[in-house]
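Number of protein chains: 2
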Amino acid sequence: MIKKRALESETCSQELLDCKILVESENNFPTAAGLASSASGYACLVFALAQLYGLKDQEISDIARLGSGSACRSMYGGFVQWQKGIQLDGRDSIAVQIAPESHWQDLHVLILVVNDSKKKVASTSGMEKSVLTSELIKYRVEKCVPHRIHSMIQAIRDRDFNKFAEITMKDSNQFHAICLDTFPPCVYLNDISHTIINYIHEFNKNEGETKVAYTFDAGPNACLYLPEKYVKRVLAFINHVFPNDNQESSEYLRGQHVEMDEVSVIFILIYPIFMFFFF
Amino acid sequence: MIKKRALESETCSQELLDCKILVESENNFPTAAGLASSASGYACLVFALAQLYGLKDQEISDIARLGSGSACRSMYGGFVQWQKGIQLDGRDSIAVQIAPESHWQDLHVLILVVNDSKKKVASTSGMEKSVLTSELIKYRVEKCVPHRIHSMIQAIRDRDFNKFAEITMKDSNQFHAICLDTFPPCVYLNDISHTIINYIHEFNKNEGETKVAYTFDAGPNACLYLPEKYVKRVLAFINHVFPNDNQESSEYLRGQHVEMDEVSVIFILIYPIFMFFFF
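For the protein sequence lines, the chains are R and C, in the order given. Using our numbering, you'd call the opening residue of the first sequence number 92 and step up by one each time. Using our numbering, you'd call the opening residue of the second sequence number 92 and step up by one each time.
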C-alpha cells in the first residue's frame, strides 16, 4: 500500500520502487503482554517505509491500522485520538493528534510490569468476541464512549489532571467489564492488577487528592499516569507496598532516572503517549 | 413487624406476644463469603418467629428481605424469583416460588469454596455503590435483566439445562462486569475463580455439550449447577485440575455422598436453590 501511494504521488524513483526490501525488526517492549508492542512495531515499520519512499506529510495512519488497530495512534506523539470513521473500507478510520508531546510535559507514566509473558487472548480476537457476545458493549459504544471521548479531549486541552485521571480509571474498568461480559469471558487483569487498583484508590484517598491514575490495556500490566511532582512520592509508595530484593538491578527499573525519597522501584518508563481505550 | 402482623391477624394469644424472646443462632455456612449465609440466617429467624406467632400461610418474605435482600428468596424451596415491586416502601418486593423443589430434582449443585474468609466489600454496600457510579448498570437493569428473567423462568419450567446453564453463566459474568464498572471497582472474583471459569468452558467444549454451569455471587466461591448424571464425571475432572492431599478429610468434602469414578473432591453440597442474580 505504501508503494502504491508512492507511485501515485510520484514521491520516489521507479528504481527505488523496484528494489526488494529486507526488514529487520527489534522491539524492546514485552511482546503480546498488553503493552502495545505490536502497535509500536507496526507504527515503526509503516513510518520507516514511508520515509524510504518519500511519503513525508501524507496520512499513513490508516495503513498502520491494518497491521494492528492501535498502531494508527502510535504514528504521532503526544495525545492522539483514533477516529472510528464511517466508511465501510475503513479508509477514514485514522488517528488525529489532539495535542503534541509539548502540550503536557508535566504528565508522566510509570508502567508496572506484572507479567511480561504472552497473554492467552490476543486483543484483536478478544474484541471481535466482545462485539459478538457482549450485551453491554452496545451501551458502552453508543452512550458511554462518545461522552467520555469528548470530556477526555477537554481534560487534555485544559491539562486538568483530576478529570483526566477519573475518566482514565473509569474507562479502564469499563473496558475490562466488557471483557468479562464477553462469552466465554476474556480476563486480562489478575490478582496483582486488582491489588494495584486498590492501592491506587487507597493512596489517592489518603493523600486527599488524585495524584495518580491507573489504566490497563489488554493485559495485567498497569500504566500509571501522574504529574511529575508526585513521581517520587508514588514510587516510594509502590516500593513500600511491593518490596523487592532485586530493585538494584538494571532490569528491575528502566527508563528515565528519577531521584527518590527512598530507594527506587519497579520498571519505570517515561512514555507520554495517550493510551485511552477506544473500542 | 412479625408481632405487629400477629396482633393484626390475631394468630396468637396476647400472653405469647408479651413474652420476651431469646434468640440463639448458629449457621454452618461460611459467613460473609458470598455464599448467602446472611440470607439463610435471616430467612431462618423470620420463619421461626412466624411459626412461633402462628403466621402460617401469610407472606413474610418482605420481612425477611429487610434483614438481607436475598433472604426473601430463601423463604421458599425450589426455584424462587425475587420481584422488585413498584411501591416505594418495598412492601411488594417479595419472593415468589417459580417451581417447588420437586420440579427439577435431577439438578445438582457443587459449591467450590475458594476462600471462606470474610469478603472485603459487603454485598449491600457494593450494590449501593454500583447503582450510584456504574453507567452500565442502567442498561443491565432496563434491557438485559427483564429479558433474562423471562428466559430463565421458561428454562426452569422446561427443565432445559442448556438454556439454564447459558443464562446462569452469562448473568454471573455480567453481574461481576457491573461490579468492575463500579467506581472504585468492587472485585469479588480472584485468580482461582477465573481459573474455574476457564476450566468449565474448556470441559464443556471438550465434552461436546454443556454439562455444567458456574455462577459466582458476591465472593470468589463457585456454585456449579449440573444434571445428576454428570456429577461423577465433573467431580473427577475437578479432582484432576485441583489435586489436593487433604481430600480424605471430612472437612474437605461435605454434603451428600457421591460415588465417583475416581477419588472424590472438594466441598460438595447438594443445594437445589435457585441463586440467579437479580440486581
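It is possible that some hints are incorrect.
[To be verified] Calculated pairs, DSSO-like style, for lysine-lysine (alpha carbon to alpha carbon, straight line, at most 30 angstroms): (1) R:Lys229 / C:Lys234; (2) R:Lys111 / R:Lys147; (3) C:Lys175 / R:Lys296; (4) C:Lys229 / R:Lys229; (5) R:Lys220 / C:Lys229; (6) R:Lys254 / R:Lys296; (7) R:Lys234 / R:Lys254; (8) R:Lys220 / C:Lys220; (9) R:Lys220 / C:Lys296; (10) R:Lys254 / C:Lys229; (11) C:Lys254 / R:Lys229; (12) R:Lys229 / C:Lys95; (13) C:Lys220 / R:Lys254; (14) R:Lys220 / C:Lys254; (15) C:Lys175 / R:Lys234; (16) R:Lys254 / R:Lys229; (17) R:Lys234 / C:Lys220; (18) C:Lys296 / R:Lys229; (19) C:Lys111 / C:Lys175.
Worth flagging that the hints you see were computed from the coordinates, not collected in a lab. Keep in mind it's a predicted model, so treat the numbers as computed, not measured.
>> I'd like to know which numbered hints this structure contradicts. Please list them from smallest to largest.
In response: 3, 12 and 19
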